[in-house]
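*Asks:* Below are the chains, spelled out letter by letter.
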Amino acid sequence: MKRQLTITSQPIDEPALLRERKASSAMGAVIYFLGVVRETEGEKHISAIEYEAFQKMVEHQFQLLFDSMEKRWPIESVRLVHRVGVVKVNEPSLWVEVVAPHRGEAFAACQWLIDEMKRVVPIWKKPISS
Amino acid sequence: MRVPVHFYSYFKDLTGCTQAEEEIPANHTLADLLKLVFHRFPKLAAMEKAMLVAVGVDYQPRNYVLKDGDEVSLFPPVQGG
Numbered sequence: 001m002k003r004q005l006t007i008t009s010q011p012i013d014e015p016a017l018l019r020e021r022k023a024s025s026a027m028g029a030v031i032y033f034l035g036v037v038r039e040t041e042g043e044k045h046i047s048a049i050e051y052e053a054f055q056k057m058v059e060h061q062f063q064l065l066f067d068s069m070e071k072r073w074p075i076e077s078v079r080l081v082h083r084v085g086v087v088k089v090n091e092p093s094l095w096v097e098v099v100a101p102h103r104g105e106a107f108a109a110c111q112w113l114i115d116e117m118k119r120v121v122p123i124w125k126k127p128i129s130s
Numbered sequence: 131m132r133v134p135v136h137f138y139s140y141f142k143d144l145t146g147c148t149q150a151e152e153e154i155p156a157n158h159t160l161a162d163l164l165k166l167v168f169h170r171f172p173k174l175a176a177m178e179k180a181m182l183v184a185v186g187v188d189y190q191p192r193n194y195v196l197k198d199g200d201e202v203s204l205f206p207p208v209q210g211g
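In order, the protein sequence lines correspond to chains Z and F. Positions 1 to 130 (this note's numbering) are the ones given, in order, by the first sequence. Positions 131 to 211 (this note's numbering) are the ones given, in order, by the second sequence.
These are computed hints drawn from the structure, not numbers from a lab. Glycine included, each C-beta is placed from N, C-alpha and C at the ideal position.
Here are the simulated lysine-lysine pairs, DSSO-like style, with alpha carbons at most 27 Å apart: (1) Z:K56 to Z:K88; (2) F:K179 to Z:K118; (3) Z:K125 to F:K173; (4) Z:K118 to Z:K44; (5) Z:K56 to Z:K71; (6) Z:K2 to Z:K71; (7) F:K173 to Z:K44; (8) Z:K126 to F:K179; (9) F:K142 to F:K179; (10) Z:K126 to F:K142; (11) F:K142 to F:K197; (12) F:K142 to Z:K118; (13) F:K142 to Z:K56; (14) Z:K88 to Z:K118; (15) F:K142 to Z:K88; (16) Z:K88 to Z:K44; (17) Z:K22 to Z:K2; (18) Z:K56 to F:K197; (19) F:K142 to F:K165; (20) Z:K2 to Z:K56; (21) F:K142 to Z:K125; (22) F:K142 to F:K173; (23) Z:K56 to Z:K118; (24) Z:K125 to F:K179; (25) Z:K125 to Z:K88; (26) F:K142 to Z:K44; (27) F:K173 to Z:K126; (28) Z:K126 to Z:K88; (29) Z:K56 to F:K179; (30) F:K197 to F:K179; (31) Z:K126 to Z:K44; (32) F:K179 to F:K165; (33) Z:K118 to F:K173.
Pair ranges (Cβ atoms, derived): (34) F:K179 to Z:S68: 22 to 32 Å; (35) Z:R19 to F:Y140: 35 to 45 Å; (36) Z:L34 to F:P207: 15 to 25 Å; (37) F:K165 to Z:L34: 37 to 47 Å; (38) F:D143 to Z:P11: 27 to 37 Å; (39) F:N157 to Z:E20: 45 to 55 Å; (40) F:P191 to Z:A26: 33 to 43 Å.
Given the sequences, and given the hints that come with them, work out the whole structure.
*Replies:* Here it is as structure tokens:
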């Protein structure tokens, strides 16, 4: 399974990521997920979220998740971009692409990856008020 | 042995620092280390139940036996995405 992980303080360049898509002719499903900062955190209105990461552990924990994905589903590739630093409302903080032969495994793997990321990958949010 | 302890997220606010160092005898566990940390930083003790603990880049249970060179990180539940 090909894997690409990017942790960046720069805005996520969706058109560039789409241009770089690679899927072999045996693949029938490409799933994209975009996580976007909402204007509310709980009941508070916010203008942005500041993301903090324990970078080395983020990289290691994501690789462990990719290892598990590879054992569990026939995924050809996964690419993931997570922002750190300040991300404004309506801007994406997370971009995920999963390529697989069929939509069932693509959807399942993508959802699992994001659910597990939210459980084990050491990134934290600090809301910034409006 | 001296064990560096790193703090992340609002644990930095609770301790007033990003890192501390504890002196602990060999063959002691993470649980033993945490007792020392909570004694030094009482505000952190209230977070114990939800606290996540890593040694290096891996999560470890409280009964993990510390080795020379281990670096410990303490942080609240994660919030990626």
